[in-house]
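Could you build all of it, start to finish, from the sequences and the hints given here?
Residues per chain are reported as follows:
2 protein chains.
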Amino acid sequence: MSEEREQVELEEGSLLTALTQKNMDDFRSVFLEQHPYDQASFFIKLDPEDRQTVYHFLSPEEMAAVFENIEDEDGLYQTFLSEMDPTFAAQMLAQMYADDAVDVLNELDKDQVASYLTIMDDEAAEEIRELLHYEEYTAGSIMTTEYISIHAHQTVHSAMQILKKEAPNAETIYYVFVVDEDEKVAGVISLRDLIISEPDTMISDIMNERVYSVSVAEDQEEVARKMKDYNFLALPVVDFQGHLLGIITVDDIVDVIDEEASDDYSKLAAVSDVDSTDRGPFSAAKKRLPWLIILLFLGMFTASLIGRFEATLEKVAILAVFIPLIAGMAGNTGTQALAVAVRRISLGDTEDQTLSKMIVREAGTGLITGAICGVVVTVVVFVWQGDLFLGALVGISILATLTVATISGAFIPLIMHKLKVDPAVASGPFITTINDIISILIYFGMATLFMQYLI
Amino acid sequence: MSEEREQVELEEGSLLTALTQKNMDDFRSVFLEQHPYDQASFFIKLDPEDRQTVYHFLSPEEMAAVFENIEDEDGLYQTFLSEMDPTFAAQMLAQMYADDAVDVLNELDKDQVASYLTIMDDEAAEEIRELLHYEEYTAGSIMTTEYISIHAHQTVHSAMQILKKEAPNAETIYYVFVVDEDEKVAGVISLRDLIISEPDTMISDIMNERVYSVSVAEDQEEVARKMKDYNFLALPVVDFQGHLLGIITVDDIVDVIDEEASDDYSKLAAVSDVDSTDRGPFSAAKKRLPWLIILLFLGMFTASLIGRFEATLEKVAILAVFIPLIAGMAGNTGTQALAVAVRRISLGDTEDQTLSKMIVREAGTGLITGAICGVVVTVVVFVWQGDLFLGALVGISILATLTVATISGAFIPLIMHKLKVDPAVASGPFITTINDIISILIYFGMATLFMQYLI
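Residue numbers (my numbering), protein chains in the order written: chain Y, 739 to 1193; chain A, 739 to 1193.
Rather than coming from a laboratory, the hints here were simulated on the basis of the structure.
Don't take every hint at face value.
It does not matter which identical chain is used: a pair holds within one copy or between any two.
The list that follows gives simulated cross-link-like pairs (lysine-lysine, DSSO-like), each with its CA atoms no further than 27 Å apart [claimed, not checked]:
| # | residue 1 | residue 2 |
| --- | --- | --- |
| 1 | Lys1024 | Lys1095 |
| 2 | Lys1025 | Lys783 |
| 3 | Lys783 | Lys966 |
| 4 | Lys1025 | Lys1095 |
| 5 | Lys783 | Lys760 |
In this text the structure is predicted, and so the values were computed from the model without any measurement.
Right, dumping it as structure tokens:
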């Protein structure tokens, strides 16, 4: 365990004692020295009674810093807010960075949101109301309006004065955006450049006029990609006329990248949400069952398909032995191709040309892997069962299913993407089932056709 | 297509023309205005001849900015460096941020690295040599030594002087670390705090003494987690005595988070590297085949297991119909449990207590999902085949396999983690195969035992 961790745990002990003894001074002297993330981790572990004490020990502003570091799980926001005095809650929300406050309010129902906004002071309410308009997962929904903007005809000195004044409230002061009279983005300058420039330099002389920006309706994944590729610490968000509406900072993007990756991962594994796992078995079962039941019925369909070949099976029972092998290989290659396609799509390679090239490439990959695995299987089955025809049957089935499975694994997510369905949903289950069905049709189809050579 | 993208494509056209006409002024006037990321994207698309022209048109320093934005794929670093004049290459490496230069050198063989370091100026070579010591994927391997440190007994004014002087070379100036006489980390101060403080304030009065740091040997994933949770823009890296060795900046962490997530994802899908997909079918096939061949032999093992029950199968061919269903369900639940366990482990929840709680929880989840799916299957099979005993047999097999599969899906990654093997490797393939085998043993075991009721 790291020293930092040890210290935090020691402190948590004294914080708990202070809460039980209702000793406000002790509590505040330790708590306010902690990083808000540690404060939040401590806070969410408390029982309702201790949380009440915390609300009385902290100011709305201090509580806001804690709340900014709480992630919503199992309706935590709802629970905590309803415990607070409504005025305290509204003041706290007003003190949070507007983008974080919006994240919280998005989890509540409309009536509640409206009542908090009414109690709040007008300026904060206005800021939040503007952000609430934007659709989830867009640039607008993760941006903040607490940025610093300056004009091109200012000097470095006067820009630094503005920075000093605005620093306590702005989410970042490290990038400053330059706007013209119409509030359109005209340039950007980093604090680094401001600091190394002479105080009487004009901003217009040193600003970078090539500003990368994102549209307010842009998907947050696209924003994350831009920020990652270009190593920005902040990106301006503009409307369709190029007016500056807000900025997105790198810390929000770190969360987005992590979420989106988790999301693709969860879907590949057919779990609805892999991250929130601090629950009992019932709630875990509830989350996984919908997938399992769907898969069960898909599996039944596969079973009924095999049922059609019962006559073939009765004559040549050995055929059954290779069902899991063939279906399994089809599932595996399909998932590989799917994973590649989903990642490509979420990395933004979605031009038609790139995609059709991908399909051709996957077809080639399927043929090559299918041919090699097919030969290996033929040899192994021949050696094991001493039946060259059976070996060839299984081998050719592997070749055919691997080719078809690889193509379908790549093709289905593309179709889904075109139909504006998140391709990650196609995931393990569907690709695997489709490939099960295809592989079984090929295998038993050929077996039935060439039955006379098998008996 | 966005405006920015359109502009970049227009520029790429004129850059190509300038290269063909060997027009250095035209080339430089457009190229040097571009963001290094766009420069790199343009550069890697060029043919060798045009690349030669670029090496002659740019200074080593300008080329360094391009190179910092190239990701190594298919030995790109190797190719480009070997095309360059060795002195030019060494000068370029010296001009890169040391951590990026190390990333490049790590891809070359030792002799080459040594020869570049010999040509390079001593200071740069020393810096790089120090970083080359650190193991890949540790904090040491991603940190940079180009940071700014100050002392506690300085004033804000003198600290700002240092910042102005060091800004052009430091990787970040937004966090400044305070060290004591022994070069141990004593505090941290953000540029934001420096700017809003009076020039004659002592650093010791305003610095934050609670510094979060990471050990040089720490796993990069752990570093990423800390940075994400605490929203830092930079973290100091210290040795075991607490001496400041370097810093890690948020842009490197964004890459780490993205890589690690991709990595877990790739392993779940049994592809070695999902991201690098701009290759032909042969190289894609080469990457996937090792997995497929392993899976093929695992599948063969499953097949031979079913082979043992050939006698049972010959008597009751209908049994074969449910093989894919049972094996598929076992695979699906196993993968779900695996995904949850892998994510938990990579999120750092690795204390014994948490983990044993997870196993208990998974066992419960397996029982609940197994019971529900089992009942559904029994009913469906009874309705479909009109055979209650067959329905019950399949249903009970589902109950048993789901329970076992869920536990093994969670348990195996834990064991692997304890054995210091990356649990993500367990992935789809192994969990699925183990669960295939278990499910078939349970299913045919029961079928053979109760054979008399089936015929």
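Against the structure, the hints:
| no. | hint | verdict |
| --- | --- | --- |
| 1 | Lys1024 x Lys1095 | between (41 Å within a copy, 18 Å between copies) |
| 2 | Lys1025 x Lys783 | within (23 Å within a copy, 46 Å between copies) |
| 3 | Lys783 x Lys966 | between (34 Å within a copy, 20 Å between copies) |
| 4 | Lys1025 x Lys1095 | between (37 Å within a copy, 18 Å between copies) |
| 5 | Lys783 x Lys760 | within (18 Å within a copy, 67 Å between copies) |
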